[in-house]
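**Q** These protein sequences, in sequence, are chains A and B. Position in the first sequence counted from 1, then plus 12, gives you the numbering used here. Position in the second sequence counted from 1, then plus 154, gives you the numbering used here.
If you're looking for bench data, these hints aren't it; they were derived computationally from the structure. Don't be surprised by glycine CBs; every beta carbon is placed ideally from N, CA and C. There may be inaccurate statements among the hints.
[Said to hold, decoys possible] Taking lysine-lysine pairs in the DSBU-like style, the calculated list, with each CA pair at most 35 angstroms apart, reads:
#, chain 1, residue 1, chain 2, residue 2
1, A, K305, B, K279
2, B, K422, A, K288
3, B, K297, B, K247
4, B, K476, A, K288
5, A, K305, B, K318
6, A, K221, B, K442
7, A, K288, B, K318
[Stated by the list, open to error] Covered stretches of chain B (in silico footprint by chain A; criterion: 3 or more residues with CB under 8 angstroms from a CB of chain A, positions within the stretch not fixed):
#, region
8, 216-222
9, 318-326
10, 343-357
11, 360-373
12, 379-393
13, 419-428
14, 432-446
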Amino acid sequence: MNTSTRSLLLEINSLQTWFDTRAGTVKAVDGVDLTLARGEILGLVGESGSGKSVMGYSIMRLIDLPGRIVGGSIKFYGEGTQNEDLVNATSDRMRRLRGSHIAMIFQDPMMSLNPVLRIDTQMIEAIQAHAKVSNKVARDRARDMLGKVGIPSPEERLQAYPHQFSGGMRQRVAIATAMLNKPELIIADEPTTALDVTVQAQILYEVRKLCRESGTALIWITHDIALISGLADRIAVMYAGRVVETGLVRDVIAAPRHPYTAGLMGSVPSNNPRGKPLRQIPGMTPSLSNLPKGCAFAPRCERATVTCQQVPQESPVGAEHKVRCFHPIESIPAQSRHDRIKV
Amino acid sequence: MTASKSEALLELQGISKRFVQRADVAEKLTAKLTGNGKGADRVVHAVDHVDLAIRRGEVVGLVGESGCGKSTLGRVITGIHPSTEGVMRWKGKTESEMTGEERHAMRLAVQMIFQDPMSSLNPRKQVRDIIGEAPLAHGLIKKDDIDSYVEQVMQRVGLDPTYKMRYPHQFSGGQRARIGIARALAVQPEFLVCDESVAALDVSIQAQVINLFMKLCHELNLTFLFISHDLGVVQHISDRVVIMYLGRVVEVAPTEELFKAPNHPYTKGLLSEIPRIATQPREFVPIKGEIPSPLHPPSGCHFHPRCPYAMDRCKTERPVLKQIGTNRWSACHLNDADNKPAGNA
Ligand SMILES: Nc1ncnc2c1ncn2[C@@H]1O[C@H](COP(=O)(O)OP(=O)(O)OP(=O)(O)O)[C@@H](O)[C@H]1O
Ligand SMILES: Nc1ncnc2c1ncn2[C@@H]1O[C@H](COP(=O)(O)OP(=O)(O)OP(=O)(O)O)[C@@H](O)[C@H]1O
Ligand code: SF4
Ligand code: SF4
Ligand SMILES: [Mg+2]
Ligand SMILES: [Mg+2]
């Protein structure tokens with residue numbers, strides 16, 4: 013899927029979101045560039061704590077003090093809008109966009125759910141906030157959506173409270189709620205971590221259907237590389253507040269060019285012998301309030317040289333494939349690529 | 155089951171947990187007026203007569219569909235939920251056979267890492283206190299050692315020790331999950347229930363935590379009940395795997411045998427769906443038929459509406475968990491000699 017030939021929905025440039033803490037400024041997102049076309053599915057992977065959720069909150073403009081967006085732009089080309097920069101949008105405007113045009117499925121499902129309200133109340137409210145429909149119509153839509161995400165006995169479950177659900181059921185309610193108004197963009201933050209493969213497949217089926225039929229674009233944040241390899245069109249890899257590699261899924265997964273991405277692939281359990289210690293990337297995650305100068309991965313990188321004391325800029329290594337690295341791993345011929353991964 | 159009574163660290167016999175969701179006044183009224191009978195209390199059979207014995211030093215994987223009762227079973231084991239029925243023995247004794255001291259020791263020795271770290275961490279406490287308070291209160295460390303102890307535990311799970319004065323909301327999802335792991339490890343438990351504990355971690359940090367678990371298992375003989383939907387992880391670290399379906403245990407087997415030759419039709423279906431890393435977009439298929447609900451579990455074998463081998467008998471008769479080989483148990487009528495389907499071993 014080529015972003016330039018499809019109509020652009022989201023364009024993030026040099027985004028910086030920082031948190032002031034007593035121990036210093038945490039540069040959670042520090043110069044992220046990303047684009048997303050209508051109907052496109054982007055997989056966002058990366059180190060725990062590298063700024064994936066904060067980037068999602070930034071698009072939703074849900075960053076509270078002491079956090080703030082200190083630089084960059086988030087252009088949203090939604091229906092009936094032109095060249096709107098969400099960084100400068102009023103809070104009133106954001107309230108109207110959230111839920112109807114842009115929805116986020118939070119990593120912690122309880123962030124999307126009110127613990128003291130029944131599920132039906134919450135879902136009906138979410139529908140009626142953006143559409144004038146009767147209670148009956150809203151309720152039916154809510155029930156159908158619960159069924160689509162694989163909640164058995166949806167009619168009866170509508171009357172339950174969040175604490176009466178299992179972890180995975182809460183995740184599914186949050187997914188269903190985000191899909192209710194067919195938004196143009198859904199940011200899904202690890203929405204299926206507690207779901208078994210069968211239910212996961214059911215949800216991915218519905219999600220992809222929504223993308224194809226309504227042109228909804230998706231940013232799917234996950235640690236599950238097997239899942240994202242089958243779902244996404246493109247993939248972006250984050251490390252320490254920056255996107256270090258982007259490209260088509262098949263290119264990035266079959267032949268990662270950034271040393272961090274390559275390290276990640278090596279840690280996947282199915283790429284390791286059973287019962288033996290799993291390969292891990294050596295060293296510690298850097299502290300975001302005290303990043304090394306230059307490339308943040310340098311202290312852990314076996315390819316590092318003195319050049320890496322500079323900040324590497326994003327540079328192309330193939331069609332639609334870009335990395336931020338001075339010494340990217342050599343491309344290997346397409347022929348032998350398939351030997352490197354287990355399919 | 156596989157372990158005899160004397161060597162089992164933890165033993166469950168016929169453990170059940172039911173939740174009653176009371177119908178509210180409005181529902182009762184509508185039911186009365188329309189006569190559709192939906193005004194009754196709803197009962198969820200979250201855990202239904204589970205038998206299980208776990209040896210010291212064993213890593214047991216617990217796998218099953220979302221909502222099948224895995225977390226509830228973990229909560230019953232750790233004493234958060236009382237069981238509705240059944241007997242649980244810790245080191246050979248039921249709770250009522252224990253002295254107050256023994257009960258106290260058990261509560262400390264059996265720890266759970268919760269699936270949902272945010273709601274299990276006190277938002278008003280700094281990480282230093284979240285991790286350090288319990289070991290201090292139980293006399294595992296001295297007051298002067300709390301900082302160095304907390305730093306050491308944080309480092310083991312890959313958390314930056316300089317973050318110890320932060321509050322839970324200042325962490326990322328995966329960092330919070332590791333606070334939960336650190337808190338449980340800090341009291342030096344003997345038995346750890348890990349509920350989706352590594353799902354929120356990137357694969358490299360996941361590797362670090364799993365390697366830590368395996369090390370603790372080898373060095374300190376720590377015992378694990380490892381709940382996970384990630385079959386790759388389960389296969390990697392478990393000695394034995396327990397498969398649950400709608401509140402019941404349907405298969406128990408040593409890991410390698412289970413992955414090589416699953417017996418129960420549900421297990422077979424589950425293993426055939428393990429997602430592999432692909433370089434082509436995958437088609438996702440919706441679930442066929444209706445997903446059975448724990449509010450109205452199907453009669454007989456709970457799996458029969460989805461089972462490709464279902465027979466008449468399966469609709470009425472509950473299959474019991476039977477031994478089908480060394481250390482192998484399965485609850486399926488197909489294992490009765492006269493029910494073997496033609497051409498299917
Ligand atoms: N309110 C806050 N105050 C200070 N630091 C914060 C705050 N919120 C997040 N951070 C820090 O910002 C960084 C990025 O956090 P974020 O939640 O975006 O990570 P993530 O990539 O989503 O990780 P994970 O995969 O673990 O969820 C983390 O290192 C986190 O500690
Ligand atoms: N406090 C409660 N009150 C009422 N019902 C509950 C309660 N806790 C759990 N349940 C119900 O019990 C069943 C089993 O839930 P449990 O959380 O044990 O599932 P699980 O196997 O851990 O699922 P998941 O993989 O989604 O976390 C579900 O149907 C759930 O709705
Ligand atoms: S820029 Fe240098 S240190 Fe950074 S990833 Fe590339 S080779 Fe390694
Ligand atoms: S008992 Fe019958 S329905 Fe149940 S798993 Fe076996 S064959 Fe299938
Ligand atoms: Mg996150
Ligand atoms: Mg659970």
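**Q** It remains to establish, for every hint, whether it holds in the given structure.
**A** Cross-check of the supplied hints:
1. A/K305 with B/K279: holds, 33 angstroms
2. B/K422 with A/K288: OK: B/K422 and A/K288 at ~26 angstroms, within 35 angstroms.
3. B/K297 with B/K247: holds, 34 angstroms
4. B/K476 with A/K288: holds, 32 angstroms
5. A/K305 with B/K318: Holds, at roughly 24 angstroms.
6. A/K221 with B/K442: The hint holds at about 17 angstroms.
7. A/K288 with B/K318: Between A/K288 and B/K318 the Cα gap is close to 32 angstroms, so the pair holds against 35 angstroms.
8. 216-222: holds (count 5)
9. 318-326: holds (count 5)
10. 343-357: holds (count 7)
11. 360-373: Since three or more residues must qualify, the claim that chain A covers the region 360-373 of chain B holds, with 6 doing so at under 8 angstroms.
12. 379-393: holds (count 8)
13. 419-428: Satisfied; 4 residues make the cut.
14. 432-446: holds (count 12)
Hint check: no violations occur; every hint is consistent with the structure.
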